[in-house]
Amino acid sequence: MKRPHYLFSSGRLRRQHNTLCLERTTGERLPDDAPDDEGLPSAEADGARSPFPVEAVDSLYLFGEIDINSKLVTFLGQQGIPTFFYDYYGNYTATLFPREGQLSGRLRVDQARHYLSGKRRLVLARAFVEAALFNIERVIKYYQPRLVGEEQAAVQATLVELKKDREALPLTVDIHTLMAVEGRIRDRYYRLWPHFLGPEVAARFPFNKRERRPPSNELNALISFGNSLCYSTVLRQIYRTALDPTIAYLHEPGDRRFSLALDLAEVFKPLLVDRMIFRLLKTGELNPKHFEKYLGGCYLTEAGRKIVVSHWDERLSQTVQHRTMNKKVSYERLMRHECYKLVRHLCDPVGDLYQGFHMWW
Amino acid sequence: MTILNPRIGGMLVGYYRLCPRKAWLSMRGLWMEQESDAVALGRLLDDHSYDRDEKHLTIDAEAPDGTELVGKVDRTNLKNGVLHETKKGRACEDSHRWQVRFYLWLLYLNGVTRSNGHPFTGQLDYPLLRRTEPVTLDAEHITELATTVSAIRAIADQETPPPRLGKRSFCTKCAFEELCYG
Ligand code: SF4
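Chains A and B, in that order, give the protein sequences. Terminal number for the first sequence in my numbering: 361, no gaps in between. Terminal number for the second sequence in my numbering: 1182, no gaps in between.
This is chain A alone, in the form it adopts within the complex:
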């Protein structure tokens, strides 16, 4: 079965007949803002080669410093393998996206039509926020029974506020006000995180507010990294459908090049990213030594990233019993289904209204 491949080492990735091969190099990767660079190969090869069959590769994640050439780009394109690049700090920086495989001009026209009509756009944008809210409430209710006293009261109060936010959703008249409600929801939710983490972990990883550029502390670093994994996973699913990833509804097409992935990732983040973070911190798999400070920001170390990535990858292949299809599907496959639901909505917004994925367990 095809799986994503994550490369942490540095070196040269090349095509070798019909396989891919990483030729490792010696030397550390330098920060991407370090002065360099003459465009020369990054370092001497150390002789270690790891070939891997292209048939097994669904997508590539390059966390090390990797040299590539145009032959490889062509090959990855032919094989339909999207490739995600990360910088020295673990920030997602770019995607090499194969020329479209699945194409439907008509669907793209429908997608654009739903973007251009304020009303239609709002219907979809609201559905994303609504589902994200539902899943956030689900996470909160999962942790609620374990809390006592003041913490329990805080969670109760937040749930009441979230209920008001939910009631505000249908009243939003444009994307701007919808975004404001969305921001409010996230703020309330993040304020509960120290309670979910418990006093011990919360003391080691203080968290007061979400700060992205750069992430100001460990939790922000984790959220940023986790969200970028979620984004790229959704993106590689979109890529397998005829949807155009550049046309989005909640986010503006300019927010990122593939903003549809941002829209859909909203729905999955609480379940997949946030719960992963709680888990990794509470079990102590991640601890303060997995983080480093650079230039006023906080980032995961390479060892930390490896832990997160392997946990993420494992989580994606976990399965749940699907309610209408009557079979088990993986979390990753649920993301694909989300794309199909969107396709159905775009074809028939009345008969097949999109409802974002709701955690049903």
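Everything labelled a hint here was simulated from the structure, so no lab data went into it. Note that the Cβ used here is the ideal one computed from N, Cα and C, for glycine as well. Some hints here could point you the wrong way.
Said to hold, decoys possible - Have a look at the derived ranges for each label pair, beta carbon to beta carbon: (1) Arg240(A) x Lys1167(B): 22 to 32 Å; (2) Arg1130(B) x Leu103(A): 36 to 46 Å; (3) Ile1142(B) x Ala94(A): 51 to 61 Å; (4) Gly1166(B) x Asp174(A): 31 to 41 Å; (5) Gly351(A) x Lys1167(B): 13 to 23 Å.
Unchecked claim - Some chain B residues well away from chain A (every beta-carbon gap over 10 Å; in silico): (6) Asn1080; (7) Glu1093; (8) Thr1113; (9) Asp1138; (10) Ile1155.
With the hints as your guide, set chain B with the ligand onto chain A.
Chain B with the ligand only, in chain A's frame:
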């Protein structure tokens, strides 16, 4: 939004006979086939099973209602006057038959016969099962095909897809299942 002058092919006719929704979705370019192992195997069979024979005859025609028709025949044995269509298994047998009848109809519409004046015949090949099945075209089929093509043309103009078939036992075997129910 309508699809002007859709060109209707044999596979689409087969799809329509199974499920109009499937035909509509595939006319929109919403293909599901790409990843399905079954389809990949089908393609492989088509490419490699009968290497020495003649292959891939393309036939154009116009239906009585003016619809443009196009047929891409797997393999044609001109000497014996037989059109062959290769399939993996007999799961959608009836739709396979209609696909071959459609090709025979295209020849009929073009007035093409064998040198002795007899019409071509068809044959379904199931190399994995080591079986073949003859297919012929009679007057009733011709009427039915004309009706089917008009019906496909009508759904091509439809803004929204035809409803799901709702026969779960059938849909679970369909490559479009996740697009319909996922
Ligand atoms: S899954 Fe069922 S409804 Fe959907 S296209 Fe296939 S046969 Fe038709």
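Hint-by-hint comparison with the structure:
Against the hinted window of 22 to 32 Å, the Cβ-Cβ separation of Arg240(A) and Lys1167(B) comes to about 26 Å, which satisfies the hint. Remark: the range hint 36 to 46 Å for Arg1130(B) to Leu103(A) is upheld by a beta-carbon distance near 38 Å. At about 57 Å, the beta-carbon gap between Ile1142(B) and Ala94(A) stays in the expected band of 51 to 61 Å. The given range of 31 to 41 Å is respected by Gly1166(B) and Asp174(A), whose C-beta atoms sit roughly 38 Å from each other.
In this structure the hint that Gly351(A) and Lys1167(B) lie 13 to 23 Å apart at CB holds, the actual value being about 19 Å. No beta-carbon of chain A comes within 10 Å of the beta-carbon of Asn1080(B); the shortest separation is about 39 Å. Its beta-carbon lying about 25 Å from the closest one in chain A, Glu1093(B) satisfies the requirement of being farther than 10 Å from that chain. For Thr1113(B), the shortest C-beta to C-beta distance to chain A comes to about 39 Å, beyond the 10 Å cut-off, and the non-interface label holds.
Interface exclusion of Asp1138(B) from chain A stands, the closest Cβ pair being 37 Å apart, more than 10 Å. Annotated as non-interface, Ile1155(B) keeps its C-beta farther than 10 Å from every C-beta of chain A; the closest such distance is 13 Å.
Every hint, counting from the list given before, is met by this structure.
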